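A.B. asks: With my numbering, the residue at position 204 of the sequence shown is 204, and numbering never jumps.
Among the hints, erroneous ones may be present.
[Claimed, not checked] Okay, derived cross-link-like pairs now, PhoX-like style, lysine-lysine, Cα gap no bigger than 25 angstroms in a straight line: (1) Lys314 / Lys304; (2) Lys289 / Lys176; (3) Lys199 / Lys176; (4) Lys3 / Lys64; (5) Lys234 / Lys294; (6) Lys3 / Lys108; (7) Lys159 / Lys67; (8) Lys56 / Lys67; (9) Lys249 / Lys127; (10) Lys176 / Lys249; (11) Lys136 / Lys85; (12) Lys193 / Lys249; (13) Lys176 / Lys257; (14) Lys294 / Lys111; (15) Lys159 / Lys111; (16) Lys263 / Lys127; (17) Lys263 / Lys249; (18) Lys56 / Lys85; (19) Lys67 / Lys3; (20) Lys136 / Lys289; (21) Lys127 / Lys64; (22) Lys220 / Lys3; (23) Lys304 / Lys199; (24) Lys304 / Lys176; (25) Lys193 / Lys176; (26) Lys314 / Lys42; (27) Lys263 / Lys220; (28) Lys136 / Lys159; (29) Lys42 / Lys220; (30) Lys289 / Lys111; (31) Lys234 / Lys111; (32) Lys257 / Lys199; (33) Lys159 / Lys234; (34) Lys105 / Lys159; (35) Lys42 / Lys176.
Think of the hints as simulated: they come from the structure by calculation, not from any bench.
Since the structure is predicted, the reported quantities are computational estimates derived from the model, not experimental observations.
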Amino acid sequence: MEKILVIGAAGQLGSELTRSLADQFGAEQVIATDLNESAQAKFDFCRFQVLNVMDKDGLRNLVKNEKITQIYHLAAVLSAVGEKKPLFAWELNMESLLHVLELAKEFKLNKVYWPSSIAVFGPNTPKINTPQYCVKEPNTVYGISKQAGERWCEYYFQKFNVDVRSLRYPGLIGYKSLPGGGTTDYAVDIYHKALAGEKFDCFLREDSSLPMMYMPDAIKATLDLMNAPSESVKIRSSYNLAAMNFTPKESYESILKHIPDFKIEYNPDFRQSIADSWPDSIDDSCARKDWGWKHDYDLDAMTKDILENLPNFKF
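Take the sequences, apply the hints, and build the full model.
C.D. replies: Dropping the structure here:
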């Protein structure tokens, strides 16, 4: 029987993914961990433990004592926060991944999941339908750490047969957690402001097109990849993943169909240069071919779902 450890479970992705894992494997088989003890309130549906992923011995003892068979390592410093604390971001993002990969090798874990990002791409990457294999050259510490992490993942698979799997997420949008410091987080915050009847101050230009994905699709993609037979997972660095592409203006116009008096103002800040270095759209044909990836939500379907559900969600 599988025993699942989720590291960084209280984040935007982790809080929803952990519940899906508990539904799949059973509440007693999933341990959610986070640095903050207050995060326990989010996990009444499974076990919870406070964990600092940089505590190598503490992590090892947890994996050993609980007989963990799979790790979902989601803890990271995101793009905008990482630019303010670059050395801290590099240390946490890289050392924590190496801790997990070493434990996977030592204890012969069944599977490891580690998320990458479109942040691996840089200003010299092809912008339209960015291919799986291309020049990357990221210019943020977050992107640099994700590119290096991809190489480590493939290395541990090739050298030590660690079954590590990864997705290059686009901007993720969900209503069950607050923005967490990413460049694409405007697309989360905009719905909160619209429902609150407030004007939205957007930190990107109105025409900044970025690849995006609604959280239910991100959860679906993650579980589809992790449930795929090993022989179907051809790429062990990280798979390109895509669903939709839109600009802040298009997001705003989608909301206007439901909230006609909503207002927006564009005041680009340092995050604009980060967004400008990322692709406009992603070619994820490898994921669709290898393990049958297919998204469900477009922009208007996502907007409708968020505006219907967010007012009733309690943080």
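A.B. asks: Run through the hints listed earlier and report the numbers of any the structure violates, in increasing order.
C.D. replies: 2, 16, 21 and 27
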